[in-house]
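Could you build all of it, start to finish, from the sequences and the hints given here?
If you read the protein sequences in the order shown, they are chains V and W.
Using my numbering, the first residue of the first sequence is number -16, and each one after it goes up by one.
Using my numbering, the first residue of the second sequence is number -16, and each one after it goes up by one.
What the hints contain is simulated information worked out from the structure, not anything from laboratory work.
Among these hints, one or two may not hold up.
[As the list claims (entries may be wrong)] Which stretches of chain V does chain W cover? Using the computed rule of at least three CB atoms under 8 Å from a CB of chain W, they are:
{"id": "1", "segment": "126 to 137"}
{"id": "2", "segment": "155 to 163"}
{"id": "3", "segment": "237 to 245"}
[Said to hold, decoys possible] Here are the computed lysine-lysine pairs in the BS3-like style, where the Cα-Cα straight-line distance is at most 25 Å:
{"id": "4", "chain 1": "W", "residue 1": "Lys86", "chain 2": "V", "residue 2": "Lys82"}
{"id": "5", "chain 1": "V", "residue 1": "Lys86", "chain 2": "W", "residue 2": "Lys82"}
{"id": "6", "chain 1": "V", "residue 1": "Lys86", "chain 2": "W", "residue 2": "Lys231"}
{"id": "7", "chain 1": "W", "residue 1": "Lys86", "chain 2": "V", "residue 2": "Lys16"}
{"id": "8", "chain 1": "V", "residue 1": "Lys17", "chain 2": "V", "residue 2": "Lys86"}
{"id": "9", "chain 1": "V", "residue 1": "Lys8", "chain 2": "V", "residue 2": "Lys82"}
{"id": "10", "chain 1": "V", "residue 1": "Lys17", "chain 2": "V", "residue 2": "Lys82"}
{"id": "11", "chain 1": "W", "residue 1": "Lys16", "chain 2": "V", "residue 2": "Lys86"}
{"id": "12", "chain 1": "W", "residue 1": "Lys17", "chain 2": "V", "residue 2": "Lys86"}
{"id": "13", "chain 1": "V", "residue 1": "Lys17", "chain 2": "W", "residue 2": "Lys82"}
Each residue gets a CB set at the ideal place from its N, CA and C atoms; glycine is no exception.
These are the residues of each chain, in order.
Protein chains: 2
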Amino acid sequence: MTDSANETNARGHRVITGFSNPLVKRIRSLRDKKHRRREGLFLAEGLRILTEAREVGALPDMLFYARGGLDHPLAVELEAAIGDAGGEIIETTPDILTKLSGKDNAQTLIGVYRDRLVPLAEIDRDTAGIWIVAQALRDPGNLGTILRTGDAVGAGGLILIDDCTDPFGVEAVRASMGAIFTQTIVQARWDEFGPWLRRGSGQLVGTSLQTDHDYQGVAYDAPVFLLVGNESQGLPADYQAACDLLVKMPMMGRADSLNAAVATAVMAYEILNQRRARSR
Amino acid sequence: MTDSANETNARGHRVITGFSNPLVKRIRSLRDKKHRRREGLFLAEGLRILTEAREVGALPDMLFYARGGLDHPLAVELEAAIGDAGGEIIETTPDILTKLSGKDNAQTLIGVYRDRLVPLAEIDRDTAGIWIVAQALRDPGNLGTILRTGDAVGAGGLILIDDCTDPFGVEAVRASMGAIFTQTIVQARWDEFGPWLRRGSGQLVGTSLQTDHDYQGVAYDAPVFLLVGNESQGLPADYQAACDLLVKMPMMGRADSLNAAVATAVMAYEILNQRRARSR
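This is the structure:
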């Protein structure tokens, strides 16, 4: 079978069945951060996440599906919305979907989205009581999980400082369970973030082993900027020194730290719970 | 170079440099759960985790290291302890260590440990205020992270119900950051666990979307058995029905759930915080 540009199926969608098709190669290259940045595009997979994206107004530039991928009523709605917005829908084979996603059990739908990095200067900090700030976070699963937690606690977004893993990588997008579309995502240098922070209200809160402040024994003032350190190093000393408040969570066992995404969630829920208690 | 069984290095350790060495093949096979179970062995990597294991009395049957792996003073202590206990220490190449661990940047030390599954009947539930019970948990990173959180909150251990991912797989062991050695680990069927639970004290607590009980609005009574459901399905209805208490965490965004390890940690810290508040 050839991949003539004119080949369309009964739904009117272009059909691509060749691994060597240039578009397949181009989309496949989005698994590399360098190509994602150059194109300003990233991939998200699966009807559930693509539907959540649609519900917050994010539609893919391109949608790839394999046979059966448009059977579900929500997929039909997605198909119509993409068509209305001028996006392209492409039928392909399960093998090519697997190649695009790099996952053994590929979903039957893959969307190609514009990335959504927001400049620090465009953030309105007063729209949320909590913002999460991650420093040199390396694990994409942690980053995606922190986005998901951010959504759950009503955070405004995630500000990535220093050399964090790419939030638009396949693994981070997966772990975010759709929050990649709902959370504002910013990348900034520490020497930009600090001055920006101090030009407005905001309490910078970090966790540290070198403090006596129990995380439940202090008052958090919105907007709280919760600073999360690198998985193995924690927060550098000068970042800790820049915090308005350093707190620690109780550690009852042998370990002196939690997984970074877990620590972020325990802190974020405490901040949320204090807000809830005040509003009761 | 041949792998004569008699070849030893200047420290008196056996040297293995051949990929086809039968012991290398055997240890390599421990990456498969089937072989781990048959041998009752699993792998842990890295000086930090191996040292934590030693500090709680767990020494490997075998230790593999590559050049430089025994340079650190803690590694020398480990070497001596393994020697005293009659374990075997084997020098090998970085390439073989990489093959054993399946990780690109292999650590310079890999220990081969006896697994530590404890029968349900041997648990003394009153030794801890909280036990974590996972049902059909599929992701090894989540399982290891939950062990690490269990250590942090002073949990007694982790009880695995139904078809959970293997806690002794390389990825779970890594994510546990040593807690695989400090937390009691049990595997049981639901129809064993229920009767066992009811033969003593214990509050079975689950999370659910179908409840009005805020997780902060209820009182937890030790020992709490915190029941965590499968990542994509949550807790089955009959498991929810068996709980003494169903609670929900506030969800302020679009998502209706948290990552399983995150939800476990937020719940476990609330249970710990209530205990801390009562003891003040």
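Holds or violated: are the alpha carbons of W:Lys17 and V:Lys86 at most 25 Å from each other? Answer holds: W:Lys17 to V:Lys86 is near 24 Å, not above 25 Å.
Residues of the segment 155 to 163 of chain V with Cβ under 8 Å from chain W, three needed, outcome: holds (count 4)
Check whether the Cα positions of V:Lys17 and W:Lys82 lie no farther apart than 25 Å. Violated, at about 29 Å.
Pair hint outcome, V:Lys8 versus V:Lys82 [Cα-Cα no greater than 25 Å]: holds (9 Å)
Given the proposed pairing of W:Lys86 with V:Lys16, does the C-alpha separation stay at or below 25 Å? holds (21 Å)
Given hint V:Lys86 paired with V:Lys17 - CA-CA distance at most 25 Å: This hinted pair holds, its Cα atoms lying about 20 Å apart.
Can you take a look at whether the segment 237 to 245 of chain V is actually covered by chain W? Rule is 3+ residues, C-beta closer than 8 Å. holds (count 7)
Taking only the CA atoms, is the gap from V:Lys86 to W:Lys82 under or equal to 25 Å? Holds. V:Lys86 to W:Lys82 sits at ~22 Å (cutoff 25 Å).
Are the Cα positions of V:Lys17 and V:Lys82 separated by 25 Å at most? Holds - the C-alpha atoms of V:Lys82 and V:Lys17 are around 18 Å apart, at most 25 Å.
Under 8 Å between beta-carbons, do enough residues of the segment 126 to 137 of chain V, three at least, approach chain W for the coverage claim to hold? holds (count 8)
Mind checking the alpha carbons of W:Lys16 and V:Lys86 for me, to see if they're no more than 25 Å apart? Distance of about 21 Å is within 25 Å: holds.
Quickly compare the C-alpha distance for V:Lys86 and W:Lys231 to 25 Å and report which way the hint goes. Measuring from Cα to Cα gives roughly 32 Å; hence the hint is violated.
Of the hints listed earlier, those the structure fails to meet are numbers 6, 13, in rising order.
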